[in-house]
Amino acid sequence: MSRTVLVFVKQVPDTQNITGDAMTPEGTVNRAALPAIFNPEDLNALEMALQLKDRYGMHVTVATMGPPKAAEILRDCLCRGADEAILLTDRAFAGADTLATSYALSCCAAKVQDVAVVLCGRQAIDGDTAQVGPQLSEKMQSPQICYAEDVVEMTENSITVRRRIDGGYEVLQSPLPALLTVVDSNDPRPMAARRIMKYKRAKTMSEIRAALGGAEADAAAVSAEAARLDAAGLLIREWSAADAGADLSRTGLAGSPTKVKQVMSVVLTAGEAKKVEPTADGVTALIHELIADHTLG
Amino acid sequence: MANFFQDNRDLMFTLGNLDLKDTVSLREQGFKFTENCDYAPVDLADALDNYRRVLEVVGGICGDRIAPRSRTVDEEGPEFENNTVTYHPLTQQNIADLTKAEVSGVMLPYQYGGLNFPVTVYTMMTEMVSRADASLQNIFGLQDIAETICLFGNEEQKAQYLPGFATGEYDGAMDLTEPDYGSDLPGVRLRAWQDENGQWYLNGMKRFITNGCAKVHLVLARSEEGTTDARGLSMFIAEACPQLVVRRIEHKLGIHGVATCELQFNDVPAQLCGKRKFGLIKYVMSLMNGARVAISAQAVGVAEAAYRAARQYAAEREQFKKTIDQFPAVYDMLSSMKVKLTAARTLLYETTRAVDLRDGYTAAMERGEAVRDQQKYWNNVAATLTPMCKALATESANQIAYDALQIHGGTGYMHDFDVERYYRDARITNIYEGTTQLQVVAAIGGVLQGHLKKEIDDLLALPFEGRAAELRDMLAGFNTKLAEAVQYVNDKKDSAYHDLRARDLVDMATSVYVGLLMLRNATRDEARMPIAERFVLDAVVEVEKRYLRVLSGDMQLIEKKNDILDY
Chain G
603 MSRTVLVFVK
613 QVPDTQNITG
623 DAMTPEGTVN
633 RAALPAIFNP
643 EDLNALEMAL
653 QLKDRYGMHV
663 TVATMGPPKA
673 AEILRDCLCR
683 GADEAILLTD
693 RAFAGADTLA
703 TSYALSCCAA
713 KVQDVAVVLC
723 GRQAIDGDTA
733 QVGPQLSEKM
743 QSPQICYAED
753 VVEMTENSIT
763 VRRRIDGGYE
773 VLQSPLPALL
783 TVVDSNDPRP
793 MAARRIMKYK
803 RAKTMSEIRA
813 ALGGAEADAA
823 AVSAEAARLD
833 AAGLLIREWS
843 AADAGADLSR
853 TGLAGSPTKV
863 KQVMSVVLTA
873 GEAKKVEPTA
883 DGVTALIHEL
893 IADHTLG
Chain P
14 MANFFQDNRD
24 LMFTLGNLDL
34 KDTVSLREQG
44 FKFTENCDYA
54 PVDLADALDN
64 YRRVLEVVGG
74 ICGDRIAPRS
84 RTVDEEGPEF
94 ENNTVTYHPL
104 TQQNIADLTK
114 AEVSGVMLPY
124 QYGGLNFPVT
134 VYTMMTEMVS
144 RADASLQNIF
154 GLQDIAETIC
164 LFGNEEQKAQ
174 YLPGFATGEY
184 DGAMDLTEPD
194 YGSDLPGVRL
204 RAWQDENGQW
214 YLNGMKRFIT
224 NGCAKVHLVL
234 ARSEEGTTDA
244 RGLSMFIAEA
254 CPQLVVRRIE
264 HKLGIHGVAT
274 CELQFNDVPA
284 QLCGKRKFGL
294 IKYVMSLMNG
304 ARVAISAQAV
314 GVAEAAYRAA
324 RQYAAEREQF
334 KKTIDQFPAV
344 YDMLSSMKVK
354 LTAARTLLYE
364 TTRAVDLRDG
374 YTAAMERGEA
384 VRDQQKYWNN
394 VAATLTPMCK
404 ALATESANQI
414 AYDALQIHGG
424 TGYMHDFDVE
434 RYYRDARITN
444 IYEGTTQLQV
454 VAAIGGVLQG
464 HLKKEIDDLL
474 ALPFEGRAAE
484 LRDMLAGFNT
494 KLAEAVQYVN
504 DKKDSAYHDL
514 RARDLVDMAT
524 SVYVGLLMLR
534 NATRDEARMP
544 IAERFVLDAV
554 VEVEKRYLRV
564 LSGDMQLIEK
574 KNDILDY
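Residue numbers (my numbering), protein chains in the order written: chain G, 603 to 899; chain P, 14 to 580.
Isolated chain G (complex conformation) (with noise of 0.2 Å):
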């Protein structure tokens, strides 16, 4: 059973170690400010895949959307283990909400042959909203399982999968292909050395392009780089919306509904607090206090 786990992968502005200077004073992320990093459910469900290359010889190929420095994580993957990586990187694809997102996400899917399993994290830390996934596997019209923990089997047509549910866990069984969105369940194995020192090589065309003199570059010099290092398993595809074959009107801003009305920062603060007894007179109270400033009814 040799066929591909696609895992889509978000490198992201690193929001859990903020520091003094993490937002601008109109309250957007400073992204200058904070490092780039791996989005974390993204490197479990990373880990999810290489461990079904592990148990079943499944072939893992990255992808991730995003502007040319994404690339760095696409290399980081193959450091791990992934087997072969995608760069979807486009001016067509900035400002994508999460619908344009899964849109473009799905182009790219649907490009890659023999997908068994589509991977992603639960939700990119940047954003937060958990929807990318689900609205993918819509795209892709195929089955989907949000929160998995782990794969417990998987056959040539089917996978069974423990997911995370309040207070416990569920098992499901799902046909292939099918999407799952993984959760911080398992522990990323490290980049290996003889991976880093090999991988560390891999470039996409733009990479090539720059590091023969940028625009100046000798295209036959590029292609003969390019076939180089796509012979030795170095070359990192990269992708353009037209690459990818998706419509321009469904992609980045224009294909995104999404609309920002108003961006407050909000500073939090601890409020008064009011000590309510627990019987019936102080429950009584309460509710007529809430009552009288129409909180309630």
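In short, the hints are calculated from the structure, not lab data.
The structure presented is a predicted model; accordingly, all values stated were derived computationally and were not measured.
Mixed in with the good hints there might be a few duds.
[Said to hold, decoys possible] Calculated lysine-lysine pairs in the DSBU-like style (CA-CA distance at most 35 Å, straight line): (1) 45(P) - 800(G); (2) 802(G) - 45(P); (3) 800(G) - 34(P); (4) 805(G) - 34(P).
[Stated by the list, open to error] Derived Cβ-Cβ restraints for the label pairs, each shown as a range: (5) 823(G) - 45(P): 24 to 32 Å; (6) 218(P) - 759(G): 54 to 62 Å; (7) 97(P) - 658(G): 30 to 38 Å; (8) 812(G) - 43(P): 25 to 33 Å; (9) 812(G) - 428(P): 37 to 45 Å; (10) 812(G) - 97(P): 51 to 59 Å.
All residues carry an ideal CB built from backbone N, CA and C; glycine is no exception.
Based on these hints, arrange chain P on the given structure of chain G.
Relative to the frame of chain G, chain P by itself:
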């Protein structure tokens, strides 16, 4: 999120400023391995970049995974039942994490799946592992065993064992010590005998064997019947098997996470490794020298952990309405700890650099290159620095851990803080792989014969300016006093006096050499100058004291020791 490489300014400085050009070029043999190995580096910059990247990964594993598990590992330790050692589940996870990071065969050649990294970089890993969990270093740090097989084993033995070491499938133990022979290894009695087919078997006892439950053992045994000295000993490779019985594991003061075993060999089948009769004099000495570097790194790692704990505690603990690091008595201790730590690390990596050059030139010589002079030179430097480094690093680590506990006050004496573990873990470092007293014996020859003379002269000749030049002059003064003291001991021609004062001479030489290294490093990063200056200023009194003691010619202890000891 803690990274024990990236949070360590001194370690990163060291990697960035050690001159590894010759080491790397010897190791990569003109970068010829790229033809057959797709991860071999193409040039010096590529190799250095590999080292940094892999150290960052190991630093992350140490900070995020191993360190948080270390308290439980210390409290619970391995299990021993029915002659079987089972490591603590967290220790097993630690090993699994390091194995996944593919750092099981750091120094092994590419052809066996290794990384072909120099000892210097491997030592940085062992230092970080020790800072996270000193006891884990006793398992991780046994890669020297694979290295020894690689150096002295035959092609079949290398093919049989090295790939397994590189993947982490095999772990090793070095079985040297016996109940009656510790420091006195030439007396080892475990018997090796051969049947009529030439198959070797091992029979006897070994004691205090670190990770004695390992799959692959290097065993020092008496192959020549009727002998009683080092020349009757050979080295053998044995594998874990029913005839190799772990009789018990020790209950130790520290390094609880690793099993220290008593082993019984009941005709254990074994292979001779290298030549007969060279077991101790060549192979085990090489193995022990490697282990001495590893233990020096363990000491530096524990010292780093202890210093940081003390620094943090002193900055948070308030007494008399001030944090205690504001009090001269406390910041004096902290500063002394920091200076000792930096000095130990400086000497450690200068030692590994010499070891790397020695190994590189030895290998080049065996390939037929005309590098005999370089090999001889670096062999002498490494042979002097290795024991000198172990003495300095392990004694300093004990002092640092002691002071770290002192700074914690009563709290430090309790199990609530990690500092008491550092104190316990540090305590073995100046005992095993040769006590400090034995390191002095090993180092004094090189000091008396001037094996560091060229290194010291070259450092003295560097173009220091301003304050650095003044400090250089002070160190030159120490060096003159050292020469006088050496001359005095040589002229006295009294072996008891020589042995008694050897420690003073080795310590003086250490102060001169390490002081110059720290000064040189300070010219590369001026933020290091106050530490170098403090080192030299603290050394003034120390060197003077030792100088006066040597030149006193005081024979009273030698003559009256029994009157003192037996009153």
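TODO: Hints the structure violates: just list their numbers, smallest first.
DONE: 9
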